[in-house]
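Visitor: Take a look at the letters that make up each chain.
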Amino acid sequence: MGNIFHGIEPSVYKSQINVPYQWWAGETASKYFIALRDEKKILGKQCPQCGKVYCPPKKTCPSCFTETNAWKEVGPKGKLISYTIVLRQLAALQKKVPVAFGLICIDGADNAMLHYIGDVDVNNITIGMEVEAVFADDRNATINAISHFKPLT
Amino acid sequence: MDAAIIGIGMTTIEKNKIACNYADLAWEAVNKALADASITIDDIDNVITTSSDFWDGRTISCMAVGDACAVRHKNCSAVEGDGTFGAAYGLSRTLSGDYKTTLVTAHSKGSESISSIITNAAFDPIYERSLGLDMISASAIQAKQYMHVTGTTPEQLALVSCKNHKNGKDNPYAQLPMDITVNDVLNSEMIAEPLHKLDCSPVSDGCCAIIIANAEFVKKVKAKPVWIKGVAFCSDAYFMGDRDLTKTIALENAAKKAYMMAGITNPENEIDIAEIYDAFTYQELMWIEGLGLAEYGNAGKLLEKGIFNKNGKLPVNPSGGLLSGHPVIAAGLYRIAEIVLQIRGEAGARQVNAKRGIAHGVNGICGQSHCVWVLDKEK
Numbered sequence: 134m135g136n137i138f139h140g141i142e143p144s145v146y147k148s149q150i151n152v153p154y155q156w157w158a159g160e161t162a163s164k165y166f167i168a169l170r171d172e173k174k175i176l177g178k179q180c181p182q183c184g185k186v187y188c189p190p191k192k193t194c195p196s197c198f199t200e201t202n203a204w205k206e207v208g209p210k211g212k213l214i215s216y217t218i219v220l221r222q223l224a225a226l227q228k229k230v231p232v233a234f235g236l237i238c239i240d241g242a243d244n245a246m247l248h249y250i251g252d253v254d255v256n257n258i259t260i261g262m263e264v265e266a267v268f269a270d271d272r273n274a275t276i277n278a279i280s281h282f283k284p285l286t
Numbered sequence: 296m297d298a299a300i301i302g303i304g305m306t307t308i309e310k311n312k313i314a315c316n317y318a319d320l321a322w323e324a325v326n327k328a329l330a331d332a333s334i335t336i337d338d339i340d341n342v343i344t345t346s347s348d349f350w351d352g353r354t355i356s357c358m359a360v361g362d363a364c365a366v367r368h369k370n371c372s373a374v375e376g377d378g379t380f381g382a383a384y385g386l387s388r389t390l391s392g393d394y395k396t397t398l399v400t401a402h403s404k405g406s407e408s409i410s411s412i413i414t415n416a417a418f419d420p421i422y423e424r425s426l427g428l429d430m431i432s433a434s435a436i437q438a439k440q441y442m443h444v445t446g447t448t449p450e451q452l453a454l455v456s457c458k459n460h461k462n463g464k465d466n467p468y469a470q471l472p473m474d475i476t477v478n479d480v481l482n483s484e485m486i487a488e489p490l491h492k493l494d495c496s497p498v499s500d501g502c503c504a505i506i507i508a509n510a511e512f513v514k515k516v517k518a519k520p521v522w523i524k525g526v527a528f529c530s531d532a533y534f535m536g537d538r539d540l541t542k543t544i545a546l547e548n549a550a551k552k553a554y555m556m557a558g559i560t561n562p563e564n565e566i567d568i569a570e571i572y573d574a575f576t577y578q579e580l581m582w583i584e585g586l587g588l589a590e591y592g593n594a595g596k597l598l599e600k601g602i603f604n605k606n607g608k609l610p611v612n613p614s615g616g617l618l619s620g621h622p623v624i625a626a627g628l629y630r631i632a633e634i635v636l637q638i639r640g641e642a643g644a645r646q647v648n649a650k651r652g653i654a655h656g657v658n659g660i661c662g663q664s665h666c667v668w669v670l671d672k673e674k
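Protein sequence lines, in the order shown, are assigned to chains A and B. Sequential numbering from 134 applies to the first sequence in this note's numbering. Sequential numbering from 296 applies to the second sequence in this note's numbering.
In isolation and in its complexed conformation, chain A is listed as follows (with noise of 0.2 Å):
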C-alpha cells in the first residue's frame, strides 16, 4: 500500500478553519479585568468554606464546590512559583523567543496564575524570586491588562 505514493505528491486538502467565536468573561472575570484596566488594581475573590482567596477569582471554588463571596485586593508583588524560558518558536507564541512563562502566586493568594516574566536577563529567573506585576500603557479589560511580571530585585 505504501508504494502507491511512490514519486508523486498524494493529494491532500487544504485549510484554515477559522471559526468566528467570542467568549463572554462573565461577571466574575469582568469585574477582575475592569479593575486591573481602570484603577491597575488585583482583585481575588475569597472562598467562605475554605478560606482561599483565588487569583484569577473563580466564581466556583475547585477545592469545594462553593461559590466565592468576597472581593479580595491582593498584589501587585507576587512569588514565581514555577517558570519555562522558551528557546523554539513554538507556533502558539504570541512573541518571540525566548519567552518566560512563569507560574505567580499573588501575595495574598492562595493558587497561582500564568503570565509572562519580563524586564529581566531570562537566565536570572529563580523559582522563589518576589515579582511584581507590570501594567500594560494601553490597557484594555483582557488578561493582557497586566503586561507582564518583573522581579523585584
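Check before you lean on any hint, since a few could be wrong.
[Unchecked claim] Label-pair distances were calculated between CB atoms; the ranges are: (1) B:ASN370 with A:VAL145: 29 to 37 Å; (2) A:VAL253 with B:GLY601: 35 to 43 Å; (3) A:CYS183 with B:LYS310: 42 to 50 Å; (4) B:ALA314 with A:ASN273: 41 to 49 Å.
[Claimed, not checked] No more than 30 Å apart at the CA atoms, straight line, and that leaves these computed lysine-lysine pairs for DSBU-like: (5) B:LYS542 with A:LYS192; (6) B:LYS542 with A:LYS210; (7) B:LYS327 with B:LYS461; (8) A:LYS147 with B:LYS310; (9) A:LYS174 with A:LYS229; (10) A:LYS212 with B:LYS492; (11) A:LYS210 with A:LYS192; (12) B:LYS674 with B:LYS608; (13) B:LYS650 with B:LYS461; (14) A:LYS283 with B:LYS542; (15) A:LYS205 with B:LYS542; (16) B:LYS327 with B:LYS514; (17) B:LYS551 with A:LYS185; (18) B:LYS650 with B:LYS551; (19) B:LYS492 with A:LYS229; (20) B:LYS492 with A:LYS147; (21) B:LYS310 with A:LYS229; (22) B:LYS517 with B:LYS327; (23) B:LYS519 with B:LYS461; (24) A:LYS228 with B:LYS310; (25) A:LYS210 with A:LYS185; (26) A:LYS283 with B:LYS492; (27) B:LYS464 with B:LYS650; (28) A:LYS228 with B:LYS492; (29) A:LYS212 with B:LYS542; (30) A:LYS185 with B:LYS552; (31) B:LYS605 with B:LYS552; (32) B:LYS461 with B:LYS542; (33) A:LYS228 with A:LYS147; (34) B:LYS464 with B:LYS600; (35) A:LYS164 with A:LYS283; (36) B:LYS519 with B:LYS369; (37) A:LYS185 with B:LYS542; (38) A:LYS210 with A:LYS164.
I should point out that these hints are in silico values taken from the structure, not numbers from a laboratory. Backbone N, C-alpha and C define an ideal beta-carbon position, used for all residues, glycine too.
Fit chain B to the known structure of chain A by using the hints.
Guide: Then chain B, alone, in the frame of chain A:
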C-alpha cells in the same frame, strides 16, 4: 471483574501516515482486533469511538470513523479524551449486562495539524489562552517545579529518553526506535527549559482498537482472554495554578482505587510491568511515583539503578512508550494493547515476564486527569 480483553489491533505509529485517512486507520485496527479475537464484526454488539474534534479538524469526529467500525444499525457512543477513558466507558457498558462485546477505538493524526496551536486551545480563553502557552511550554513549567522540589536531575530525565527509545527498537509499531545517549538528549535542542527536544514525545499518527467481552462470551471464543481486574480514573482542578503541579493527587487516587479492586496492596512487588503515559521524560518519573511504584522523588534514582529497564525488576514502557510514538487520544489505548500482548506472552522481542500489568492514560494539561487499568492473566 467479569470482563476481559479478547482482542487488540494496532496500526504502526508513524510521523505521517499519508496512505490512510483516519477512517482507514480505524479500518485497519478494527480488523486486526477482530482477527486477533477470532470473531467477526457480527459478534460486536456496541462500539465506543474515542477522538478529539480539534485534532481531527472536524466536529462530531466520532462519526467519521463509524463506518470503519461498523456502527451502522448498532449502538455506538463516543468519548473525547484519551483512549483509556474510552475503554473505561466501554467496560462499564459490557458490565452493565446489556452488551456482551464492546469494540473500543481511539485514533488521531497529529501530522495533519499544528500541535502547538491545537494544544494552546486547551487553555482557558478568558484568563490564559492569549498568552500563547501550549502543551510543551506548560509541561516545562511543571517539569521545572518537579525537578526543583524533588532534586530530579536533567540526566535522570535524559535516561528515560534513552531507555524508551532503545525499547522502541524491539517494537515494530514504534515511530522512533533509537540508540541514544544521555549526552545526545542533553545536547538536543532546548525547546522550553528544562525540556530538550529528546525529552518530548513526537507528533504521531495511529489508531488502536480493543475488544472487551463479558465472562460468558469469553467462554465461547478461542481467543486468550486478558482479565480486567481494576479500572479507575480521577481528575484534578482545571487551572494549572489551582493545583500543586509537583503532586499527583488525581493519579494516586485513581491508582489506589484500581489496586483495591484488583486486591493489590503492594504495587511495587505485585505488578510485573507498567505501560505509562510518558508524553515527556519527567512525566514517566512523576507518574511512576503517583502509581505507587516508587517513593515520591525517588523514581529517577531507581531508574539509574536499572529497575525500570526491560530486564529490570519492574519494566516500564518496554514498548518504547509515547516517547517512541505519541498518537494523541490513541496513546493510552496502545498502552492497554501492549499490556495485553505482554500478558499473553505475544510481545515478540519486547516480551518481559509478566502475569499482571498496569496501563495508564492521561487527559488534560499537565496530567489533570488519569486513568489506571490493572490487567491479569488470571480471572
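Visitor: Take the hints in turn and mark each one as holding or not.
Guide: Quick rundown of the hints versus the structure:
no.	hint	result
1	B:ASN370 with A:VAL145: 29 to 37 Å	holds (35 Å)
2	A:VAL253 with B:GLY601: 35 to 43 Å	holds (41 Å)
3	A:CYS183 with B:LYS310: 42 to 50 Å	holds (47 Å)
4	B:ALA314 with A:ASN273: 41 to 49 Å	holds (48 Å)
5	B:LYS542 with A:LYS192	holds (25 Å)
6	B:LYS542 with A:LYS210	holds (25 Å)
7	B:LYS327 with B:LYS461	holds (26 Å)
8	A:LYS147 with B:LYS310	holds (18 Å)
9	A:LYS174 with A:LYS229	holds (28 Å)
10	A:LYS212 with B:LYS492	holds (29 Å)
11	A:LYS210 with A:LYS192	holds (23 Å)
12	B:LYS674 with B:LYS608	holds (24 Å)
13	B:LYS650 with B:LYS461	holds (23 Å)
14	A:LYS283 with B:LYS542	holds (27 Å)
15	A:LYS205 with B:LYS542	holds (28 Å)
16	B:LYS327 with B:LYS514	holds (21 Å)
17	B:LYS551 with A:LYS185	holds (28 Å)
18	B:LYS650 with B:LYS551	holds (20 Å)
19	B:LYS492 with A:LYS229	holds (19 Å)
20	B:LYS492 with A:LYS147	holds (28 Å)
21	B:LYS310 with A:LYS229	holds (27 Å)
22	B:LYS517 with B:LYS327	holds (15 Å)
23	B:LYS519 with B:LYS461	holds (29 Å)
24	A:LYS228 with B:LYS310	holds (28 Å)
25	A:LYS210 with A:LYS185	holds (18 Å)
26	A:LYS283 with B:LYS492	holds (28 Å)
27	B:LYS464 with B:LYS650	holds (23 Å)
28	A:LYS228 with B:LYS492	holds (20 Å)
29	A:LYS212 with B:LYS542	holds (19 Å)
30	A:LYS185 with B:LYS552	holds (29 Å)
31	B:LYS605 with B:LYS552	holds (27 Å)
32	B:LYS461 with B:LYS542	holds (29 Å)
33	A:LYS228 with A:LYS147	holds (27 Å)
34	B:LYS464 with B:LYS600	holds (21 Å)
35	A:LYS164 with A:LYS283	holds (24 Å)
36	B:LYS519 with B:LYS369	holds (26 Å)
37	A:LYS185 with B:LYS542	holds (19 Å)
38	A:LYS210 with A:LYS164	holds (20 Å)
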